[in-house]
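Number of protein chains: 4
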Amino acid sequence: MPKINVYTDISEVEREAKKDYIDRHSPFIHCEPSAKAGETFEVTVQVGADYQHPDDMDHYISSVALYNKDTKVAEATFFAGSQGGQDKKGNTRVSFGVVLEKDATLVAHAYCTKHGVWESLPEAVAVA
Amino acid sequence: MPKINVYTDISEVEREAKKDYIDRHSPFIHCEPSAKAGETFEVTVQVGADYQHPDDMDHYISSVALYNKDTKVAEATFFAGSQGGQDKKGNTRVSFGVVLEKDATLVAHAYCTKHGVWESLPEAVAVA
Amino acid sequence: MPKINVYTDISEVEREAKKDYIDRHSPFIHCEPSAKAGETFEVTVQVGADYQHPDDMDHYISSVALYNKDTKVAEATFFAGSQGGQDKKGNTRVSFGVVLEKDATLVAHAYCTKHGVWESLPEAVAVA
Amino acid sequence: MPKINVYTDISEVEREAKKDYIDRHSPFIHCEPSAKAGETFEVTVQVGADYQHPDDMDHYISSVALYNKDTKVAEATFFAGSQGGQDKKGNTRVSFGVVLEKDATLVAHAYCTKHGVWESLPEAVAVA
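Chains as they are written, first to last, in the numbering used here: chain A, 1 to 128; chain B, 1 to 128; chain C, 1 to 128; chain D, 1 to 128.
Among the hints, erroneous ones may be present.
Copies of one chain are not kept apart here, so a pair can be met inside one copy or by any two copies together.
Derived DSSO-like pairs (lysine-lysine); straight-line CA-CA distance at most 27 Å [unchecked claim]:
1. Lys3 to Lys89
2. Lys102 to Lys19
3. Lys3 to Lys69
4. Lys18 to Lys36
5. Lys114 to Lys3
6. Lys36 to Lys19
7. Lys19 to Lys114
8. Lys114 to Lys18
9. Lys89 to Lys18
10. Lys89 to Lys114
11. Lys102 to Lys114
12. Lys3 to Lys102
13. Lys114 to Lys88
14. Lys102 to Lys88
Derived by calculation from the structure, the hints in this document are not laboratory data.
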C-alpha cells in the first residue's frame, strides 16, 4: 500500500472496459534492445498503447518515472492540461536520454491522480 | 520491481546491522490520530527513528512522498547536502500541512539513491 | 521569462484586491535567525500570511522550493486537493529539516498553476 | 535571487572558458516552429549545444523544466549518474509530448546543482 498496479497483457482480458482501463493507465517502454556503453541512449515511455487517458483537471497522468532495477534514473512531471486539458484525452509521452554502463532492466511507473501507480513490463537492455 | 521495501518491526530483527539498515531507510509518520475536517493537519515524516542515514553525494535520501491510501498528497525532494553532506549522517524530515475531509490512511515512501524505495507502516487518521 | 513575481510589502499597496493577490501567492519563510552548524534546523514556508489561496483543481499552489542563495535545498510538491479541494482555500505549508554549515540566505519560490512563480523575501540565517 | 542565468549568444563571448560555461549550462529548445491544435507536439530540450556538462555526483544537471510563457507545462528530474556518472560528461536531454491549443512561447529552465538556474531563449510556436 499504495497499490502498485502491474501491467497484465490485455489480450487475455475479456471485458472491453477493463482492457481500456488497464491499457490507458500503463506505461509502455520503447527503446532499442541494446545500447553502447557510455553513449546516450533514448528511452521513450508512453502511457497507453491502444487507448487514451483523460487529461481532466481532477484526473490526469501527473508523472512518469524510469527505473533501472531498483534505482530511479529520471522522472517527468506533467501538469493538467499538457495533453489538451478538460474533456480531452491523450497519451502522455516522454523520452529521456540516458547513458547506461552495463546491462539494464528498465521499468516505468506512471501515476494517475485518480487511480494511483501503474507499472510497466520490464524491458531488458544489453549494454556492450 | 522496483522493489518496495516495507518496514518491519526491528525489535524482531536480530542482527544489529540489519536493524540499522531497516530503520535508517524507513519513513516514520508522526501525526495526531484524529483530525478536524477542513482544518490544516500537520503530518511529519522522518526517515529513521533510532538510526541515521548517510548524506553522501552518491548515497542520500532524495525524496519523501506522502500517500493517503493510493493517492499521492504531497512529495518533498531533497538534494544531497541537505543533511550536512559528505561523511555526515542525519534524519531527513519534512512536515506537510494538509487538509483531510474524511478518514484517512496515510503511508509514506522514502527513496534512497542507493537502496531504492522504502515504505512506512500505515497510519490511520480519524476525521470528524 | 517566465516572470518571477517578487514579494513587495503589501502595507504599501493600496487596493485591497491587489494586497490579497500578492499575499496569497507569496511564500513566507519562518525560521530562527540563527542556527548551529551541523544540527537540524527547521525552516517552515507558508504560502500566504493574511490571505488564503484557492485549492481548485485548475488553480492551486503546486510547489514550494527552498533555496540557499542560488542553490536549491529542497522542494515540496502538492497535488490539487491537499488544502481541501475545489471551492476551498488554504495556506499551503511545509517544514523542511535542513542542516546548514555556514551563514545562509534562504529564499523560497511558490508556484501557482495559474499565476506562475512567486518569490519570498530573503531570510538571513547566522550559522555558528 | 536565486539568480536566473539567461542564455546569451556565445558567438559574442570572447573567452573560450566562458563560452563553454554558458553553453554547457543552457537549455536549448528543439521543436517545429508550428503545431496543430489538439495534436501531440514534441518538444526536445537539450542542455548544452557545443559543449558538455559534467555528470559528477556533486555537480550535475538535475532538472529541466518547460514553460509556456509563465505556466509550467512539464519538468524532468534526473539523478546523478544518468549521463554516465563521475568524471563523465554529457548533454542531458528530454523530449516531452505536449498538446498546444493556441500560439505558445516556450522557455526552458535547467538546474545545475552547483551553478543554479539557467534559462533558454524563448521559442515561439504558431498553433493553427
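Cα distance capped at 27 Å. Does Lys102 pair with Lys88 within a copy, between copies, both, or neither? Intra 40 Å, inter 15 Å, cutoff 27 Å: inter-copy only.
For the identical chains here, do Lys18 and Lys36 meet the 27 Å Cα criterion within one copy, between copies, both, or neither? neither (39 Å within a copy, 32 Å between copies)
Alpha-carbon proximity context of Lys114 and Lys3, limit 27 Å: Both. Shortest intra-copy (12 Å) and inter-copy (23 Å) distances satisfy the 27 Å Cα cut-off.
Taking 27 Å as the upper bound on the Cα-Cα distance, should Lys36 and Lys19 be classified as within, between, both, or neither? neither (36 Å within a copy, 30 Å between copies)
Under a CA distance limit of 27 Å, which applies to Lys19 and Lys114: within one copy, between copies, both, or neither? Within one copy, since 18 Å is at most 27 Å while 35 Å is not.
Within a copy, between copies, both or neither: which one fits Lys102 and Lys19 at a CA-CA cutoff of 27 Å? So Lys102 and Lys19 fail the 27 Å test inside a copy (35 Å) and across (32 Å) alike.
Using 27 Å as the alpha-carbon threshold, which applies to Lys89 and Lys114: within, between, both, or neither? both (15 Å within a copy, 21 Å between copies)
Within, between, both or neither: Lys114, Lys88 at alpha-carbon 27 Å: both (16 Å within a copy, 19 Å between copies)
Within, between, both or neither: how does the pair Lys3, Lys69 come out at a Cα-Cα threshold of 27 Å? The answer is both: 19 Å in one copy and 8 Å across copies each meet 27 Å.
With 27 Å as the alpha-carbon cut-off, assign the pair Lys102 and Lys114 to within, between, both or neither. For Lys102 and Lys114, the Cα distance is within 27 Å only across copies (16 Å; inside one copy 36 Å).
Could you place Lys114 and Lys18 in one of the four classes (within, between, both, neither) given a Cα distance threshold of 27 Å? within (16 Å within a copy, 35 Å between copies)
Within a copy, between copies, both or neither: which one fits Lys3 and Lys102 at a CA-CA cutoff of 27 Å? This pair counts as between: shortest inter-copy Cα distance 20 Å, intra-copy 30 Å.
The structure shown violates the earlier hints numbered 2, 4 and 6.
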